[in-house]
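Chains X and Z supply the protein sequences, listed in that same order.
With my numbering as the guide, the letters of the first sequence map in order to residues 500 to 933.
With my numbering as the guide, the letters of the second sequence map in order to residues -7 to 177.
Rather than coming from a laboratory, the hints here were simulated on the basis of the structure.
Incorrect hints may have been included.
[As the list claims (entries may be wrong)] Taking lysine-lysine pairs in the DSSO-like style, the calculated list, with each CA pair at most 27 Å apart, reads:
| hint | chain 1 | residue 1 | chain 2 | residue 2 |
| --- | --- | --- | --- | --- |
| 1 | Z | Lys88 | X | Lys678 |
| 2 | Z | Lys168 | X | Lys855 |
| 3 | X | Lys898 | Z | Lys80 |
| 4 | Z | Lys168 | Z | Lys88 |
| 5 | X | Lys898 | Z | Lys168 |
| 6 | X | Lys714 | X | Lys802 |
| 7 | X | Lys855 | Z | Lys80 |
| 8 | X | Lys898 | X | Lys855 |
| 9 | X | Lys678 | X | Lys534 |
| 10 | X | Lys677 | X | Lys898 |
| 11 | X | Lys534 | X | Lys714 |
| 12 | Z | Lys80 | X | Lys784 |
| 13 | X | Lys598 | X | Lys636 |
| 14 | X | Lys905 | X | Lys678 |
| 15 | X | Lys905 | X | Lys855 |
| 16 | X | Lys678 | X | Lys636 |
| 17 | Z | Lys168 | Z | Lys80 |
| 18 | X | Lys677 | X | Lys905 |
| 19 | X | Lys636 | X | Lys714 |
| 20 | X | Lys802 | X | Lys784 |
| 21 | X | Lys677 | Z | Lys168 |
[As the list claims (entries may be wrong)] Here are the in silico distance ranges between beta carbons for each label pair:
| hint | chain 1 | residue 1 | chain 2 | residue 2 | range |
| --- | --- | --- | --- | --- | --- |
| 22 | X | Asp712 | Z | Asp158 | 37 to 45 Å |
| 23 | Z | Pro143 | X | Arg663 | 53 to 61 Å |
| 24 | X | Arg857 | Z | Ser69 | 17 to 25 Å |
| 25 | Z | Glu70 | X | Arg915 | 49 to 57 Å |
| 26 | Z | Ala167 | X | Arg828 | 28 to 36 Å |
| 27 | X | Asp712 | Z | Glu70 | 44 to 52 Å |
| 28 | Z | Ala62 | X | Gly856 | 34 to 42 Å |
| 29 | Z | Pro68 | X | Gly679 | 13 to 21 Å |
| 30 | Z | Ser134 | X | Gly661 | 54 to 62 Å |
[To be verified] Negatives, chain X to chain Z, calculated, CB over 10 Å:
| hint | residue |
| --- | --- |
| 31 | Asp549 |
| 32 | Asn630 |
| 33 | Pro711 |
| 34 | Gly757 |
| 35 | Ser776 |
| 36 | Ala781 |
| 37 | Ser799 |
| 38 | Asp809 |
| 39 | Arg810 |
For glycine and all other residues, C-beta sits at the position ideal for the given N, C-alpha and C.
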Amino acid sequence: MIRSAGTLILSLLLLLVPSVSGAVLYIDINAPGGKRMPISLPDFVVTGGDAALARDLPGVIGGDLAMTSLFDVIPRQAYLERIVPEHFLARPLSFPDWKMIGAEAVVIGKVEVRGDQMAVEMRLYDANLGNMMAGKKFSGPVRRFRKMAHEFSNEVLYAFTGVRGIFDTEIAFSARPKKGRGKEIYVIGLDGRELRQVTDNRSFNLFPRWSPDAKLLAYTSYRTGVPQIYMRDLAGGTDRLVVRHGNSKSPGSFSPSGDSLYATLSVGGNSDIYRVSLTGSAVRKVVGGWGIEVSPSVSSDGKRVAFVSDRSGSPQIYVKDIGSSGERRVSQAGSYSTSPSWSPAGDLIAFTSLEKGRYAIYTVRPDGSDQRLVISDDGSCIDPSFSPDGRYLVYTLQKRGYSELKIGSVDGQWRRGLFRGLQAVGSPSWSPRQ
Amino acid sequence: MKSSVGGKRVLGALSVLLLLFAVGCGKKEMVKSTDSAPGMASPSGETQEQIVSETLPSQTAMAEAEAGVAVTMERPSEFSDIHFDYDKSFVREDDKLTLREVADYLKANPGASILIEGHCDERGTAEYNIALGERRAESTKSYLVSLGVTPGDLPTVSFGEEKPLDPGPSEAAWAKNRRAHFVLR
Chain X
500 MIRSAGTLIL
510 SLLLLLVPSV
520 SGAVLYIDIN
530 APGGKRMPIS
540 LPDFVVTGGD
550 AALARDLPGV
560 IGGDLAMTSL
570 FDVIPRQAYL
580 ERIVPEHFLA
590 RPLSFPDWKM
600 IGAEAVVIGK
610 VEVRGDQMAV
620 EMRLYDANLG
630 NMMAGKKFSG
640 PVRRFRKMAH
650 EFSNEVLYAF
660 TGVRGIFDTE
670 IAFSARPKKG
680 RGKEIYVIGL
690 DGRELRQVTD
700 NRSFNLFPRW
710 SPDAKLLAYT
720 SYRTGVPQIY
730 MRDLAGGTDR
740 LVVRHGNSKS
750 PGSFSPSGDS
760 LYATLSVGGN
770 SDIYRVSLTG
780 SAVRKVVGGW
790 GIEVSPSVSS
800 DGKRVAFVSD
810 RSGSPQIYVK
820 DIGSSGERRV
830 SQAGSYSTSP
840 SWSPAGDLIA
850 FTSLEKGRYA
860 IYTVRPDGSD
870 QRLVISDDGS
880 CIDPSFSPDG
890 RYLVYTLQKR
900 GYSELKIGSV
910 DGQWRRGLFR
920 GLQAVGSPSW
930 SPRQ
Chain Z
-7 MKSSVGGKRV
3 LGALSVLLLL
13 FAVGCGKKEM
23 VKSTDSAPGM
33 ASPSGETQEQ
43 IVSETLPSQT
53 AMAEAEAGVA
63 VTMERPSEFS
73 DIHFDYDKSF
83 VREDDKLTLR
93 EVADYLKANP
103 GASILIEGHC
113 DERGTAEYNI
123 ALGERRAEST
133 KSYLVSLGVT
143 PGDLPTVSFG
153 EEKPLDPGPS
163 EAAWAKNRRA
173 HFVLR
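Bound-form chain X, shown alone:
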């Protein structure tokens, strides 16, 4: 829905092209603990609509930037200059006033509301040089203002680091609805806002997985009484059954091209990993064996698959070069290792492992080296899923009778809650960039 081509019509216009500088590497995104960029986010100018937008929009951007640990948002009480409509015509900002309070960058914005539509112009200035580093104009429904702010946060991050942001991405997950015993699929924004329910058939709906273009969600549903894989077209709201072969079924991950789905299918009680073509009807076994083989996660080059097998006597993570016969165990820790998620760059596999009576999240290189504990807590941390920039993991924290979704950085330095509003939340899956 949110990601349908139609919705993204927040039409994008590049402003004042000559003065927009390219990606200047002001901040090294890979140097944690380095100097933070002090940035000011003064109230936007609002005409014709809800005056609260003046703070809501910069508030969204401030929240996004705080997540990166690369910026310090200067509190607005310190600001000396108020933004007025003339700042979007010819009047320059009073840069000495911004530098005086320590700001090295300033984001200003102007909102015009007409009915339920709005136009937003946002600009990022370098307070030292006085030049505009990024400028964009968005238009669309007022209720999508957060989306527009997230997109500009992406611009700000790109201007300073040369790395594209992920602030407009979303997380799909399963949870128990307020009424009922089943589970439904939900999607929520990265900032924990704009929760929406995707399925509503009151059975068990599990394991949502995004297509590479973020337009489809594959998931398992028990709506007919047995677990089947369906594909939800998020824009159209329609479902289609993906595969009839086998008994239990769960989606693992799409191939990078999006033309097939790696899934777990069970035949005669034996669960193996198959590649299911989405354009035709071909179903091909990729990983077999007498044990339980589940949870395929495909590398971004489409050449390798990580999966879980209990062939050693307990579930562990293995990697296979697709099409070859070699399979290598990569998880070393723990008596129970599951839920592999391959990083977008292909250099790491995150997974859940049980050690000393507690589930925690580890990363390991695909050759089995350099295994590290990255996220543990007072409870079980399970179901990791990489962000599209490879810097974060979304996961489920379970304590006694309680669960929530959290986001943590892969370096283990940062984490925060994402969602705790429903019972039995789990199986989070991070959307690709749109």
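Keeping the supplied structure of chain X fixed, place chain Z upon it in accordance with the hints.
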């Protein structure tokens, strides 16, 4: 309409309406989120009406929701559950008497069939537990087949960890939840 149907039918019709309303609301949100061109905004009432008329043929959605709720309920059984060890799927000695009863019933009642549900405790990963529940159901089926039951009379389904009998996080609850459940059909 009221004069031609009994109270039960009215209730039924009401619940259909409620459901249609619920579905309509869901779709309304969806449609709204795609209408982004300026000037195309329509009052929400209008949009809702349009969507409700769209969902009129969706008897299947109704049936689906009913079937969906049924899936989440514990189905009554003539037979005791049998239980499994942690992360294991072999049939235990103390359950073989129960399986003998199940087998005798099926052999004495040609045409009957029994759905074997495989279940797991909440520990571990939901995806892995679906596969483990599948294996428990199949291992139960294999044992019944070895007692002379026709395989075709024994459909199986795994619910993984989704339908715990006892939701409590304790060893006793987990032991109760690692089970195969028999539903006569």
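Tested hints:
{"no.": "1", "hint": "Z/Lys88 to X/Lys678", "verdict": "violated, 39 Å"}
{"no.": "2", "hint": "Z/Lys168 to X/Lys855", "verdict": "holds, 24 Å"}
{"no.": "3", "hint": "X/Lys898 to Z/Lys80", "verdict": "holds, 24 Å"}
{"no.": "4", "hint": "Z/Lys168 to Z/Lys88", "verdict": "holds, 17 Å"}
{"no.": "5", "hint": "X/Lys898 to Z/Lys168", "verdict": "holds, 20 Å"}
{"no.": "6", "hint": "X/Lys714 to X/Lys802", "verdict": "holds, 23 Å"}
{"no.": "7", "hint": "X/Lys855 to Z/Lys80", "verdict": "holds, 20 Å"}
{"no.": "8", "hint": "X/Lys898 to X/Lys855", "verdict": "holds, 16 Å"}
{"no.": "9", "hint": "X/Lys678 to X/Lys534", "verdict": "violated, 48 Å"}
{"no.": "10", "hint": "X/Lys677 to X/Lys898", "verdict": "holds, 19 Å"}
{"no.": "11", "hint": "X/Lys534 to X/Lys714", "verdict": "violated, 38 Å"}
{"no.": "12", "hint": "Z/Lys80 to X/Lys784", "verdict": "holds, 25 Å"}
{"no.": "13", "hint": "X/Lys598 to X/Lys636", "verdict": "holds, 26 Å"}
{"no.": "14", "hint": "X/Lys905 to X/Lys678", "verdict": "holds, 24 Å"}
{"no.": "15", "hint": "X/Lys905 to X/Lys855", "verdict": "holds, 22 Å"}
{"no.": "16", "hint": "X/Lys678 to X/Lys636", "verdict": "violated, 42 Å"}
{"no.": "17", "hint": "Z/Lys168 to Z/Lys80", "verdict": "holds, 14 Å"}
{"no.": "18", "hint": "X/Lys677 to X/Lys905", "verdict": "holds, 20 Å"}
{"no.": "19", "hint": "X/Lys636 to X/Lys714", "verdict": "holds, 25 Å"}
{"no.": "20", "hint": "X/Lys802 to X/Lys784", "verdict": "holds, 15 Å"}
{"no.": "21", "hint": "X/Lys677 to Z/Lys168", "verdict": "holds, 26 Å"}
{"no.": "22", "hint": "X/Asp712 to Z/Asp158: 37 to 45 Å", "verdict": "holds, 43 Å"}
{"no.": "23", "hint": "Z/Pro143 to X/Arg663: 53 to 61 Å", "verdict": "holds, 54 Å"}
{"no.": "24", "hint": "X/Arg857 to Z/Ser69: 17 to 25 Å", "verdict": "violated, 35 Å"}
{"no.": "25", "hint": "Z/Glu70 to X/Arg915: 49 to 57 Å", "verdict": "holds, 51 Å"}
{"no.": "26", "hint": "Z/Ala167 to X/Arg828: 28 to 36 Å", "verdict": "holds, 30 Å"}
{"no.": "27", "hint": "X/Asp712 to Z/Glu70: 44 to 52 Å", "verdict": "holds, 50 Å"}
{"no.": "28", "hint": "Z/Ala62 to X/Gly856: 34 to 42 Å", "verdict": "holds, 37 Å"}
{"no.": "29", "hint": "Z/Pro68 to X/Gly679: 13 to 21 Å", "verdict": "holds, 20 Å"}
{"no.": "30", "hint": "Z/Ser134 to X/Gly661: 54 to 62 Å", "verdict": "holds, 59 Å"}
{"no.": "31", "hint": "Asp549", "verdict": "holds, 16 Å"}
{"no.": "32", "hint": "Asn630", "verdict": "holds, 32 Å"}
{"no.": "33", "hint": "Pro711", "verdict": "holds, 21 Å"}
{"no.": "34", "hint": "Gly757", "verdict": "holds, 21 Å"}
{"no.": "35", "hint": "Ser776", "verdict": "holds, 22 Å"}
{"no.": "36", "hint": "Ala781", "verdict": "holds, 23 Å"}
{"no.": "37", "hint": "Ser799", "verdict": "holds, 21 Å"}
{"no.": "38", "hint": "Asp809", "verdict": "violated, 8 Å"}
{"no.": "39", "hint": "Arg810", "verdict": "holds, 13 Å"}
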